[in-house]
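Protein chains in written order, with the numbering used here: chain R, 27 to 373; chain E, 27 to 373; chain L, 27 to 373; chain H, 27 to 373.
Treat the hints with caution; some may be incorrect.
Identical copies look the same in the list; a pair holds intra-copy or inter-copy alike.
With a cut-off of at most 27 Å between alpha-carbon atoms, the simulated DSSO-like pairs for lysine-lysine come out as follows [to be verified]:
hint : residue 1 : residue 2
1    : Lys-175   : Lys-345
2    : Lys-356   : Lys-345
3    : Lys-322   : Lys-66
4    : Lys-345   : Lys-41
5    : Lys-66    : Lys-356
No lab work stands behind these hints, which were simulated from the structure alone.
Just so we're clear, the structure is a prediction, and the values are computed from it rather than from any experiment.
4 protein chains.
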Amino acid sequence: NDLDTNRPPAEVRQKIGDEYSAEHLLRWSQPPRTVLIVKKPNDERTRAAFLEIVRWLRSEYPYMNIVVEPAVAEELGEEVSGLHVISKDNMVEYSRTIDFAITLGGDGTILHASSLFPRAVPPIISFSLGTLGFLLPFGFQDYQTALIKVIEGSVPLLLRMRLTCAIFRNDGRRVMYDGLDQDLQAMNDITLHRGHNPHLTVIDCSVGGEFLTDAVADGLIVSTPTGSTAYSLSAGGPIVHPAVQSLLLTPICPRSLSFRPALLPPYLTVRLRLSKNSRGTAQVSVDGRDVYLLGKEEYVEVRMSQFPIPCVSRTRHGKDWVRDINQTLKWNQSFTNRHGDGDSEPW
Amino acid sequence: NDLDTNRPPAEVRQKIGDEYSAEHLLRWSQPPRTVLIVKKPNDERTRAAFLEIVRWLRSEYPYMNIVVEPAVAEELGEEVSGLHVISKDNMVEYSRTIDFAITLGGDGTILHASSLFPRAVPPIISFSLGTLGFLLPFGFQDYQTALIKVIEGSVPLLLRMRLTCAIFRNDGRRVMYDGLDQDLQAMNDITLHRGHNPHLTVIDCSVGGEFLTDAVADGLIVSTPTGSTAYSLSAGGPIVHPAVQSLLLTPICPRSLSFRPALLPPYLTVRLRLSKNSRGTAQVSVDGRDVYLLGKEEYVEVRMSQFPIPCVSRTRHGKDWVRDINQTLKWNQSFTNRHGDGDSEPW
Amino acid sequence: NDLDTNRPPAEVRQKIGDEYSAEHLLRWSQPPRTVLIVKKPNDERTRAAFLEIVRWLRSEYPYMNIVVEPAVAEELGEEVSGLHVISKDNMVEYSRTIDFAITLGGDGTILHASSLFPRAVPPIISFSLGTLGFLLPFGFQDYQTALIKVIEGSVPLLLRMRLTCAIFRNDGRRVMYDGLDQDLQAMNDITLHRGHNPHLTVIDCSVGGEFLTDAVADGLIVSTPTGSTAYSLSAGGPIVHPAVQSLLLTPICPRSLSFRPALLPPYLTVRLRLSKNSRGTAQVSVDGRDVYLLGKEEYVEVRMSQFPIPCVSRTRHGKDWVRDINQTLKWNQSFTNRHGDGDSEPW
Amino acid sequence: NDLDTNRPPAEVRQKIGDEYSAEHLLRWSQPPRTVLIVKKPNDERTRAAFLEIVRWLRSEYPYMNIVVEPAVAEELGEEVSGLHVISKDNMVEYSRTIDFAITLGGDGTILHASSLFPRAVPPIISFSLGTLGFLLPFGFQDYQTALIKVIEGSVPLLLRMRLTCAIFRNDGRRVMYDGLDQDLQAMNDITLHRGHNPHLTVIDCSVGGEFLTDAVADGLIVSTPTGSTAYSLSAGGPIVHPAVQSLLLTPICPRSLSFRPALLPPYLTVRLRLSKNSRGTAQVSVDGRDVYLLGKEEYVEVRMSQFPIPCVSRTRHGKDWVRDINQTLKWNQSFTNRHGDGDSEPW
Ligand SMILES: NC(=O)C1=CN([C@@H]2O[C@H](COP(=O)(O)OP(=O)(O)OC[C@H]3O[C@@H](n4cnc5c(N)ncnc54)[C@H](O)[C@@H]3O)[C@@H](O)[C@H]2O)C=CC1
Ligand SMILES: NC(=O)C1=CN([C@@H]2O[C@H](COP(=O)(O)OP(=O)(O)OC[C@H]3O[C@@H](n4cnc5c(N)ncnc54)[C@H](O)[C@@H]3O)[C@@H](O)[C@H]2O)C=CC1
Ligand SMILES: NC(=O)C1=CN([C@@H]2O[C@H](COP(=O)(O)OP(=O)(O)OC[C@H]3O[C@@H](n4cnc5c(N)ncnc54)[C@H](O)[C@@H]3O)[C@@H](O)[C@H]2O)C=CC1
Ligand SMILES: NC(=O)C1=CN([C@@H]2O[C@H](COP(=O)(O)OP(=O)(O)OC[C@H]3O[C@@H](n4cnc5c(N)ncnc54)[C@H](O)[C@@H]3O)[C@@H](O)[C@H]2O)C=CC1
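Please take these sequences and the hints and turn them into a complete structure.
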């Protein structure tokens, strides 16, 4: 790798009990030198946006290193020269070199960006490109104003808590994932699901080493506050403000009338074990990516990560959140009148 | 009463197992002679609509008797002469004389119209006047076309099932309501609620003479399919198509994790008794009107009424219903993109 | 097949609007001659029960033909001689010859029995063998009394409504299932589910030929009243008494805050089409059996079947139902005191 | 007041972001000298327990001042002499003098004890007397062991967060409550409810000064984590572990399909204003006690209190909580088999 970095970027960490509203401010001690651009693959609109942003960065900040993933270099390397690439077997380079990251695409794109940083994550600014974006504070049309503020000014950061997940065989040995001796990091959620298995799974849950419950269900979600508006919401969970440090446990289609979602404190470790009574396996997913097929008595351990995602926000005090749950999720929409003036079809 | 009627109007009845989609057609053997107009009180817009409709009826159908409630005669009798009035102590006259009814107002207005007919109900056509109207298929602007079709042509009728409710003291004696020896009729629902009582009510429920459950709750709703989109919906109940003959039992804030709403068949009688363990009374409401304060061991009996409300519909096959749950209730609204073109505020 | 039947068994059919409480009574015009025994495979307890029941039937009703499925004949044919077998490619024989059926196992066993009868179903009596049984009114210990009543006396029948399901390609051609030119019959439910596909499915729903809604979700269930306590319940649906003729539509983990379950009348046909916007396929299951993988713009049509399952009941008036939802489902369990006398562990 | 106290008791306060698991330990620098006993009135069993505990305290800790409320002194003063009383118009004396408190009764009794301490609260140990007790870790039979540990040893304390609530007229003036110039403190919840008013309330909600939503509903609950298992649970809210610092907003029967409960961070102030469009008043309740009837445009402000309730726990690490949600609330009860051996009634 030909990347010239003069210093390690600051590491953003989070402890239990940290007050982590959107009050954090990003201010650079030295101007940022290296930016990672993560883009949704094979999408015309995103491709155009990528090309435009690279051109603009090159003209305004010619000294800035632009890093992309190998697949992006392949897709666009002929059109754009001088892109830096970090190879798959050298992922630590991401954490070591990137000063901040830009994502272009949908919510999935920022989830993917999160997956590139198994430890500390640099500030990330996310632009929406037309699709639903709960995690995307900025429309692409504003990219210049927004990037100037990120690079030169000071912007509010929302620290979005992540979860770490470790997978174990029934004898207690750790399962390596992608050859990595590292916990997986989730921005939204860790999910166990019966998948294509037609039968219910049985999952033994314990917290802090103590038996909590047996889930006989399609599956189970452990979600961050950020993930409360993702799968957990679909499964019936509450909406949790990103500043409420907690682990949200939501069952997926449980065979029980009384399995209400529960919020656990961030200092507890949740262990989910596929019961030996379960009729089939359970698929483990991290932010929607399948990572492992759990056999009987194998288990995952989930806990709060000390490495949050610092997301560049439009507003302070979490005002974006209020707007998002109202406008994007259509939370608490009231019933309104069908007959406005004249909108009724004649008989 | 000075009303000249030459024959009893047809009685619309409903039996258990009747197939009662919107397939019923209203066709007169003799033209209708007597119309009841029910209006929301003290509302400027409704008042204007009332005056306009009366003027129009008089010019188009001069032979038509126009009946109103005493309060309406008082409110508007000076402006409009020749209105017929049925007095409060002669309510049977409504069923005896009215050929069809018009309601002007909101959902509450048609509920009120229903309350005037303790037995068979004539066809009712309901016009919305600007407010939310789930039960109101017609906008006022269409009144002429609609009324001509009702009076001269043939229109689809949706038979909306009602409930009857009888109230009993702890010794089994019937409670008379308004001096009437008649069951109350509900178009939406019969509700028991703790009301201003700060403490939970305890209600013993039985169906068909057999113990069903004890509700420790704010209250309990027995609803018609029509009422499934009223209070029951707010309390978490499902949406029931008006053609599904059933009684919907929905708890209001129960002290239980497992009190799922339940649908009962129309041939069962539901008995709700205030338990002797209840710390307070329970308010009985019929379609939102308070009718009795239930003491310990007093009870109500609810069953399907044989007297449905024949509602004039815009469409056959219940197409209105599909439109209503989508447009009025905003059922299954999908999450949509916040960033349309240009709707994002610059930073 | 060596089965000697002198007459076709009576066909039990159901029409829309049929009043179908548990009021139906089974009475034979001629004594039943042929019984089908369906058993859960590879279960020690069921095997013993099967052997006992065959021995008893042979001694009490020596003229009775005992029919089993090929797999059962294989499993137990050496131990028991004289069992009649109906081969897989001659399934119509089931409907043609069986006078009544016995199931030994769990709820899955009666679902399996249902699948053997693509058209009219004979009366079925189901015995539970230790596992959860919502559809199983009888404990095995009572089998003699129960069978004597079925064969010689008169027993209440509960007609459990079924659904039919037909599958179509995007060009409208019917998909044959198992080479059968017959609709599939469901006693519980027809389900579309993303299965192992990590992405949400998009399903266009219409009823009676009219657009109803777009489900962006893990899946969608169309359930019978019987199935309301199966998958639909887990997904948040209401409990529906078996005598409420209706189709229950329940979403599985929808990306919407407002997708409340809905009950449709039995005369409507529900069409579920995999949208061309869906990112993946959808698995179609009938009573939990995977039957087809739906591609884009392929669809299923679900409607009420005219062939219900006549289930032998313990009680009339659906009393079993009240017991089942209370004892088996633990419906509306109240919160009770933790501290009985002395059950608190000392500190 | 004749109470002899040589020093102010330690004040337990809580800040936003405090890690407040059950890790706090109570250890006295000087032995406690003054105990408050709060008892449920007019209950035979509680009365006996009170007498027994007083007798025991007198013999074991003769120097201990025993304080009661005026009503208790009246009820039992003849039987027990030497009880200290704090009069209603001198409530600050409670905070000034009490070293620790004992409650005898149900959950309501500890809620009542909380209401006596408008500011800092001393450690409270709660004994259950036969009724449901989610907030009651100790059975009465263990009182001696438990009290010895509280007075002489060291016991785990669970700091249960409280809310403060201030009420304002439409012109912004504070409403005094009970003549007190003090915010109300809630251990469970602050509720607005339509009460005996038959019509829906309309409540404008804002958080941190920004519009959040309009609740058209029976009411609205702002609850502590402790209160998540009280009214909020009945209204459909999630279960929140007491160590998750947050404000839980749960609607009561909202006229909306999409009003999912939401968790807000502890640094936000929630303002609930009765809309001028509301058809009626709204009853404000604090922990179930009615405190004010809100008129149009009047409002309440709710925020996290700095004065938690230090509850003596049986176990560390919140193990009681796991037991309580399982045993008391019957969380996630699985469906079990009805037919045990022989429990089936013969036909
Ligand atoms: N039935 C459901 O709702 C399911 C949801 N998911 C969620 O999808 C996530 C993965 O997302 P994609 O890779 O984009 O998969 P995807 O393309 O299948 O999209 C999932 C949807 O969820 C949205 N989404 C993602 N994160 C969100 C958040 N934090 N708040 C609100 N909306 C959010 C996306 O915009 C998209 O509409 C998983 O972490 C899981 O939470 C996964 C499977 C089923
Ligand atoms: N929290 C709630 O949702 C409550 C609802 N109600 C309902 O209000 C009904 C009485 O209505 P009003 O006299 O107008 O009282 P209201 O003026 O208090 O209005 C109740 C609301 O429900 C709507 N509504 C009435 N019937 C409906 C139906 N069948 N489907 C959909 N929406 C419907 C009305 O348009 C209005 O928006 C009662 O039968 C009861 O069902 C009553 C109390 C509380
Ligand atoms: N998450 C869930 O709840 C899921 C439920 N299912 C249901 O399982 C059914 C197939 O059952 P099996 O072959 O036994 O599969 P299975 O062995 O996976 O068991 C499903 C469970 O549902 C119970 N069950 C089945 N029908 C029932 C009914 N009508 N009422 C109450 N409980 C019932 C069974 O006793 C068993 O406990 C499907 O029709 C579907 O409804 C299927 C997948 C997931
Ligand atoms: N529908 C409902 O569930 C209602 C609940 N309430 C709740 O009652 C509380 C007042 O309690 P009481 O004075 O005892 O009134 P109460 O005598 O009416 O009892 C309310 C019930 O809630 C239980 N409870 C109280 N706090 C609890 C908690 N934190 N967790 C679990 N259960 C709890 C009590 O043991 C009792 O069973 C209020 O703070 C409110 O939360 C008040 C009105 C209606």
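ask   = Is it within, between, both or neither when you check Lys-175 against Lys-345 at 27 Å Cα-Cα?
value = within (19 Å within a copy, 48 Å between copies)
Lys-356 and Lys-345: within-copy, between-copy, both or neither at 27 Å Cα = Result: close both inside a copy and across copies, 16 Å intra and 25 Å inter.
ask   = What label fits Lys-345 with Lys-41 when the C-alpha limit is 27 Å: within, between, both, or neither?
value = This pair counts as both: shortest intra-copy Cα distance 24 Å, inter-copy 23 Å.
Intra- versus inter-subunit Cα pairing at 27 Å for Lys-322 with Lys-66 = So Lys-322 and Lys-66 pass the 27 Å test across copies only (23 Å; inside, 36 Å).
task = Evaluate Lys-66 and Lys-356 at a C-alpha cut-off of 27 Å and name the case that applies: within, between, both or neither.
result = within (26 Å within a copy, 32 Å between copies)
Hint check: no violations occur; every hint is consistent with the structure.
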